[in-house]
Structure formats: structure tokens, C-alpha cells
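Visitor: So the protein sequences, as listed, match chains A and B.
When the letters of the first sequence are read in order and numbered with our numbering, they come out as residues 1 to 392.
When the letters of the second sequence are read in order and numbered with our numbering, they come out as residues 1 to 392.
Incorrect hints may have been included.
Computed beta-carbon distance windows for the label pairs [to be verified]:
| # | chain 1 | residue 1 | chain 2 | residue 2 | range |
| --- | --- | --- | --- | --- | --- |
| 1 | A | 21 | B | 262 | 45 to 53 Å |
| 2 | B | 129 | A | 1 | 48 to 56 Å |
| 3 | A | 292 | B | 197 | 38 to 46 Å |
| 4 | A | 21 | B | 87 | 42 to 50 Å |
| 5 | A | 192 | B | 292 | 57 to 65 Å |
| 6 | A | 160 | B | 91 | 51 to 59 Å |
| 7 | A | 160 | B | 47 | 55 to 63 Å |
| 8 | B | 48 | A | 151 | 29 to 37 Å |
| 9 | A | 1 | B | 51 | 25 to 33 Å |
Since the hints were made in silico from the structure, they are not lab data.
On a predicted model such as this, the values are computed, not experimentally measured, just so you know.
From the three backbone atoms N, C-alpha and C, an ideal C-beta is built for every residue, glycine too.
Protein chains: 2
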Amino acid sequence: MTFSALSHLECSRTGAALDADVVQGVSAAGAPLLARYDLERVAATVKPAEVAHRPPDLWRYHEVLPVRDRAHVVTLGEGMTPLLPLPRHGARIGLPRLLMKDEGLLPTGAFKARGAAVGVSRAVELGVAGIAMPTNGNAGAAWAAYAARAGIGALVAMPADAPEITRRECVIAGAELHVVDGLIGDAGALVRAEVARRPGWQDTATLREPYRIEGKKTMGYEIAEQLGWRLPDVIVYPTGGGVGIIAIHKALLELRELGWVSGDPPRLVAVQAEGCRPIVDAFLAGADESAAPADPRTVAFGITVPKPLGDFLVLDAVRSTGGTAIAVTDEDLLAAQAALARDEGTWICPEGAACVAAVAQLRGAGELAESDEVVVLNTGSGLVYPHTVGLP
Amino acid sequence: MTFSALSHLECSRTGAALDADVVQGVSAAGAPLLARYDLERVAATVKPAEVAHRPPDLWRYHEVLPVRDRAHVVTLGEGMTPLLPLPRHGARIGLPRLLMKDEGLLPTGAFKARGAAVGVSRAVELGVAGIAMPTNGNAGAAWAAYAARAGIGALVAMPADAPEITRRECVIAGAELHVVDGLIGDAGALVRAEVARRPGWQDTATLREPYRIEGKKTMGYEIAEQLGWRLPDVIVYPTGGGVGIIAIHKALLELRELGWVSGDPPRLVAVQAEGCRPIVDAFLAGADESAAPADPRTVAFGITVPKPLGDFLVLDAVRSTGGTAIAVTDEDLLAAQAALARDEGTWICPEGAACVAAVAQLRGAGELAESDEVVVLNTGSGLVYPHTVGLP
Numbered sequence: 001m002t003f004s005a006l007s008h009l010e011c012s013r014t015g016a017a018l019d020a021d022v023v024q025g026v027s028a029a030g031a032p033l034l035a036r037y038d039l040e041r042v043a044a045t046v047k048p049a050e051v052a053h054r055p056p057d058l059w060r061y062h063e064v065l066p067v068r069d070r071a072h073v074v075t076l077g078e079g080m081t082p083l084l085p086l087p088r089h090g091a092r093i094g095l096p097r098l099l100m101k102d103e104g105l106l107p108t109g110a111f112k113a114r115g116a117a118v119g120v121s122r123a124v125e126l127g128v129a130g131i132a133m134p135t136n137g138n139a140g141a142a143w144a145a146y147a148a149r150a151g152i153g154a155l156v157a158m159p160a161d162a163p164e165i166t167r168r169e170c171v172i173a174g175a176e177l178h179v180v181d182g183l184i185g186d187a188g189a190l191v192r193a194e195v196a197r198r199p200g201w202q203d204t205a206t207l208r209e210p211y212r213i214e215g216k217k218t219m220g221y222e223i224a225e226q227l228g229w230r231l232p233d234v235i236v237y238p239t240g241g242g243v244g245i246i247a248i249h250k251a252l253l254e255l256r257e258l259g260w261v262s263g264d265p266p267r268l269v270a271v272q273a274e275g276c277r278p279i280v281d282a283f284l285a286g287a288d289e290s291a292a293p294a295d296p297r298t299v300a301f302g303i304t305v306p307k308p309l310g311d312f313l314v315l316d317a318v319r320s321t322g323g324t325a326i327a328v329t330d331e332d333l334l335a336a337q338a339a340l341a342r343d344e345g346t347w348i349c350p351e352g353a354a355c356v357a358a359v360a361q362l363r364g365a366g367e368l369a370e371s372d373e374v375v376v377l378n379t380g381s382g383l384v385y386p387h388t389v390g391l392p
Numbered sequence: 001m002t003f004s005a006l007s008h009l010e011c012s013r014t015g016a017a018l019d020a021d022v023v024q025g026v027s028a029a030g031a032p033l034l035a036r037y038d039l040e041r042v043a044a045t046v047k048p049a050e051v052a053h054r055p056p057d058l059w060r061y062h063e064v065l066p067v068r069d070r071a072h073v074v075t076l077g078e079g080m081t082p083l084l085p086l087p088r089h090g091a092r093i094g095l096p097r098l099l100m101k102d103e104g105l106l107p108t109g110a111f112k113a114r115g116a117a118v119g120v121s122r123a124v125e126l127g128v129a130g131i132a133m134p135t136n137g138n139a140g141a142a143w144a145a146y147a148a149r150a151g152i153g154a155l156v157a158m159p160a161d162a163p164e165i166t167r168r169e170c171v172i173a174g175a176e177l178h179v180v181d182g183l184i185g186d187a188g189a190l191v192r193a194e195v196a197r198r199p200g201w202q203d204t205a206t207l208r209e210p211y212r213i214e215g216k217k218t219m220g221y222e223i224a225e226q227l228g229w230r231l232p233d234v235i236v237y238p239t240g241g242g243v244g245i246i247a248i249h250k251a252l253l254e255l256r257e258l259g260w261v262s263g264d265p266p267r268l269v270a271v272q273a274e275g276c277r278p279i280v281d282a283f284l285a286g287a288d289e290s291a292a293p294a295d296p297r298t299v300a301f302g303i304t305v306p307k308p309l310g311d312f313l314v315l316d317a318v319r320s321t322g323g324t325a326i327a328v329t330d331e332d333l334l335a336a337q338a339a340l341a342r343d344e345g346t347w348i349c350p351e352g353a354a355c356v357a358a359v360a361q362l363r364g365a366g367e368l369a370e371s372d373e374v375v376v377l378n379t380g381s382g383l384v385y386p387h388t389v390g391l392p
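One chain only, chain A, in its complex shape:
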């Protein structure tokens, strides 16, 4: 078996195949590209029990990751984050089988490290000279760090309202930082203009390059492995650009095709903040795509994405698994963050806290049963958001 079983890229709208061994952005139809693998060959040559003996980072799933040569792996030790039972908080909200995957324990303090590790590794493998991206903070911090580790250039553009500490993460890693008076879309325009004038540079905006999603899908692989190659009933994910939930959905489908898990996939729940809920509105309206809200605003800044490129993929992930989409208020998510810290000792980010608030509300509404095994994703460390905790 070679290090990667990557076969080609596929347009997520039309199914058209593209060459995976040159730098690609979106498809001719303007849609995100999905990496495809020879899963039959992987299934025939690798068993889950073998994976269990590999080092505890996301590269343990290297056959279903896109990096062809192990020598091109750029790593800061990311992956195999804890899957923590939350017994006290679960009992309080009527979900005794509540679990949290804690992505705050990744390099740079957020789940974004997964996408950056795999995205930068593959960019290096394909000869990219520098990466440029708009960000709500955490992704820029992660890609800046991995670009430094790889020794390639990095340009990051973020809204002035993004968490200040993520700016410092970019600066210390030596990235070129642009602070934009606007939202992530405005930052995206700046990035596209800069990439156009820099030969060999790549626009690594959300879903505009194919490999970030591959890094993030390892969250799904890890959940399955940590449960003993079994899946929970429900997975709950905070949704901004949507890569995380799309990626976990992709992982679930691959895991089934590999034969590493069986049965129905978990119901996927997309969580947004009331101040920016395009996916929730589209879900409730039965629409296939989302419409940007007028004045998006929430303390969970990481999910302030008015019009995600992959909205149709998020909606498909939720609908095809029998899941749902729900928005919570800033007040409720901050209360959930505080309650969880007191109950379980873990200081999570506002985006993760939105999921904790959401499961309590879904349980209250009877959409989750007491018997459900529910995995909530905490996408980052509370350390990145010090202002969410007041001092006496």
C-alpha cells in the first residue's frame, strides 16, 4: 500500500473528475472539489486494528489523506484530541450519554490546525510558494503557523472584529497580516487580488482548495475509532463556512464504504448563532442554498459567515442524515460555556458553546432522546477568547 490512495478530485455539484496532482481551486461550475480515493484498495490492505497501533496523530489515517509522500507531511503533532464524557453536564440537561470532542487541544488552539496541516502539506507537495486566505481568525492563525513550519509564504486577511489573539498568532509566525474593516467576504476580495499578482501562490480560502476538508474529516475518523469503530447517534457541529460538518459527513460515508463502521450514519446537527443563521433559515425553508443576512453579528465570531460557498453541501449533510439545523442566542451560548466549565472544568470557545446550548434546547424540544449518544464538537480553546469570561 502506498502512503496515500488519492485517485482524483471531483466537482461537488456535477461529479466531473479533475487531476489531483496539479494545484486546483474550485470546479468549472464554481463548486468545491472533493478528494476521492481508491477505498476498495484501502479496505483490502488496511484494517482498523492496524491503525490502532500507529502514533496518535491524524496522519494515522494517511491512506485516506491526500499527501502522497510521507516526507511532505508538515506537522505540529495535530490530531487524536480527547473524546470526553460530560457526565455531570449531561445529567443536568437530560443527556446522560453526552460526549465532547475537544479540539481546543490542537496546535494553535483550534480545529483549524487539522485543515492547515493537510492543506499546507499538500500545497508543499504540489510546489506552492505561498498561501493566502481570508479568515475569521483561527484558520488564519493555523495556516500561518503551518506555512512557517513548511517554510513557505503566508498572507492572512481578517476582519478587525476577529479575536485579537489570532492576530498575534499570525504575527509571531511571520505571516503578512491584513486587517480589514468589514466581514470575511471583504477579506476574500483582498486575497484574490493579492494571489493574482503573486506567481506560485494559492488562494486557500474556505473550500476554494480541496484539501482543508480532508484534514478536517479526521474528526469523523477519530470519533469512530475512539468509540471502538462505532458511531454515535448524533454529531453536533458549529457551522460557519461549513467545512467541518461537510468533512465529517464525508468521513462517515468513507468509513461505511471502507467497512470500518456499519449501520445508519449519525444525525448531523448544524448549529449557528441567532445573529448569523443563513443555514438554519435555508434548512427551515426547505431551500438548497442560503441567503446572506443583512447585518451578521455574534460573539461566536468564528461562525459569522453570511454566505458560505459550501452551503448546499452543509444542507445535504444535515438532510441526508435526518439531522437538523438550529440557532442559539449569544446569551444562551455564553451561559452554556460557563455552565460547562463549572460542571466539567473545560473552558471551550463560543462556537463550541453554541453546540452545548443547542443540545440542551433540542433535548427540551424532544428532538433528542435521553437515550441518544450525542457528540458535541468544541472547535477551539477558550484561551483564544479571554473576553468571554469576566473578572470579578
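The hints should help you fit chain B onto chain A, whose structure is shown.
Guide: Showing chain B alone in chain A's frame:
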């Protein structure tokens, strides 16, 4: 084999044995207590290859940890942090075999989570109602989190100069927080008074309870395991209270007694800041104990400990392994922090950066050879110290 092979506690000065199954503080001689195990039985029943198949957290070494019943383990998923090669920075400073153990990826953002996990677990097992401690910040944050997770009380006293974010970590975890206008010794006096009036509470100040050191020794076990049950030539550790270096030394001796590694132990290097260098001065003077400096002060606040209780154990660890002690300036450690981030993408804490600066200086002075395999401990995430990175 039972979960733990703990046999008794031993006075680190006199060797006197004490009962491990009641709450203990320091020995009659006023010295730290060391946990002892039936290592012969462990060696006869557990092999390193078996450990490799256990989940990736510090509890994989449970036979040599003090918790007797697995049900008493209080965990946030701590341990098995990455051991990262630093090829670009290593080449720059003439140490091509430089590695860093990155403890910033632990819960609460610092290596203190190891001591808190094991210390709180054992406290719960022995029926302690609440823990109280003075701290330079990170330890208090960690013990507050694990106490919340365990459902016991926590009182934390820290100097006003401690990193502000660690205060927020204590607050959100529901700890009783006291901010003291002074140094860690002043905070210690407050804690002793409070513990005296609270039945069932324990003073968990540095080396005043025996189990924090057991959690931290897993750094040594992990380094050995991650190198394939082999030890490096040199291990470099930032030294304040000294528990980390004492604990790694203890691990090295246990590993040899277990037969899990062989050969000479690594040379242990204690790193301090010029603004607070009692261990360095004692080492250079050939003294067995340290003397408190008049006005201790460094940006690496975590190692501002004027008179550590375990100073004689630190000096023994350094001398008996043929190591050394060295102090670096704040200017040099901040420069090392920035250089490492640009070279390798990792944002480390000032205390870890002191070690990075120290190895460059030791290499320059010829005390480290180009061929030496050197492991530097980064004890925490840069996220806890945002002010160490300026914004443009």
C-alpha cells in the same frame, strides 16, 4: 496486575517511609514526599510493547501512577503531547538533533495539567473535600479545572502579576480566587491559613502534596516511549518550583529500574531567567540549597520562584546526571520565542522560550555538541501570554 503498584511514600531527605493511603503533606523533616512503587512487580507483568497499545493519554502508565482505582481517574484527556523535531531552528543554532516536547497542547494550555490530573484524582480517592494552592498562574488554572471536573472545591491564590488569562481560567471553572499583592510565597501564607480553617481541605502547594510530581513524571515516560524506549542525550527544563525537572529525573530512574530503557540518563539542564536565578547561583557555588534573590522579576513569570522547597532535589537531578544550570535574559528568551515561531510555526510560552535560548547559548559555549540529541520542554502555549507578541 492491579491498576496501581503504589507501595508507600518516602521522605526525600531521610528516606523514612510513610503510609500512602492517607492524606499526607510534607515529611516530618519538612521535605517533599516521593511516591514509591513495586517496580519489580510492574517489570514482571507489563512490557513496553503492551503500553504502546493503550489510549494516548498519561494514564497509559497507570501502574506507576498513584491512583488505585480506575474509577477515581479525573481526566480531561491529558498527555501524549507531541515530541517535535525542530530541524530549521536546530540547524540555525548548530543542533541538528533538537526536539521539543510541546506541553502547550494539554488541557488548560500548560504542563500543569499533568500534575493536576493525577493530584486531583488521588485527592478524590483519599476523600479530600477541596484543594487550595498558591500559584504563579498556570498551576492554579489547571487545578481549578480538574477540581471542577471532579466536583470538589478549589481555592487559588496568585500574585497580581501572574498572567491575567490564568485568572479567567480559575474564574470560569468556579474556583475561589484570591489575588495577592506580592509573590508566590505571600500567596502560600494565605492558603495555609485558609486550609487550617477548612476541614477536609488539602494544601496542594508545590511539593507540599506527593502526587503532582507523579503526574509530571509522565513527561519523562513519554519522551522515552516516543523515542522508541530510548533516551536523548540532554533534557532541558525551565525551573521555577522545580517539580518538572525533579519529576523527569524520578522517571528516568524508574525507567531504568523497570528495564524499559538502559544506559546513562540524559544530562538534565535547569534553565532560569536572569531576574530570578537561585538554582543557577546555588549550582555555580556548589551549594546544596538555594538562597532567595532580593527582587525576583522576569517576563517568564512561571519561573519566578525565589526559594523552591525542592531546591536540593533540583540540584541533585542536575549534578547526578552531569547536567548544568543556566540563566538567560528576558531579551534573549523573547528573541528565541520569536525566532522559533518563524522557523517552526510554534508559539511557545516564555518559560519554554528560556530553554530554547539556553540551548543556543550552551551550544555557543561548547557545552552541547553538534551530535547531541537535545529535548527542550515547552511548558505551555503562547496563547496564555498574548502580550509577549506585539501587534504592528
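Visitor: Hints first: check each against the structure and report whether it holds.
Guide: Taking the hints in turn, this is what the structure says about them:
At about 46 Å, the beta-carbon gap between residue 21 of chain A and residue 262 of chain B stays in the expected band of 45 to 53 Å. Between residue 129 of chain B and residue 1 of chain A, the C-beta spacing of about 55 Å keeps the proposed range 48 to 56 Å intact. Between residue 292 of chain A and residue 197 of chain B, the C-beta spacing of about 59 Å breaks the proposed range 38 to 46 Å. At roughly 26 Å, the beta carbons of residue 21 of chain A and residue 87 of chain B sit outside the given window of 42 to 50 Å.
Distance hint check for residue 192 of chain A and residue 292 of chain B: the Cβ-Cβ separation is about 59 Å, which falls inside the suggested range of 57 to 65 Å. A beta carbon spacing of about 38 Å between residue 160 of chain A and residue 91 of chain B contradicts the range 51 to 59 Å that was offered as a hint. In this structure the hint that residue 160 of chain A and residue 47 of chain B lie 55 to 63 Å apart at CB holds, the actual value being about 56 Å. In this structure, residue 48 of chain B and residue 151 of chain A meet the distance hint of 29 to 37 Å, their C-beta atoms being roughly 35 Å apart.
Distance hint check for residue 1 of chain A and residue 51 of chain B: the Cβ-Cβ separation is about 27 Å, which falls inside the suggested range of 25 to 33 Å.
In this structure, the hints that do not hold are numbers 3, 4 and 6, in rising order.
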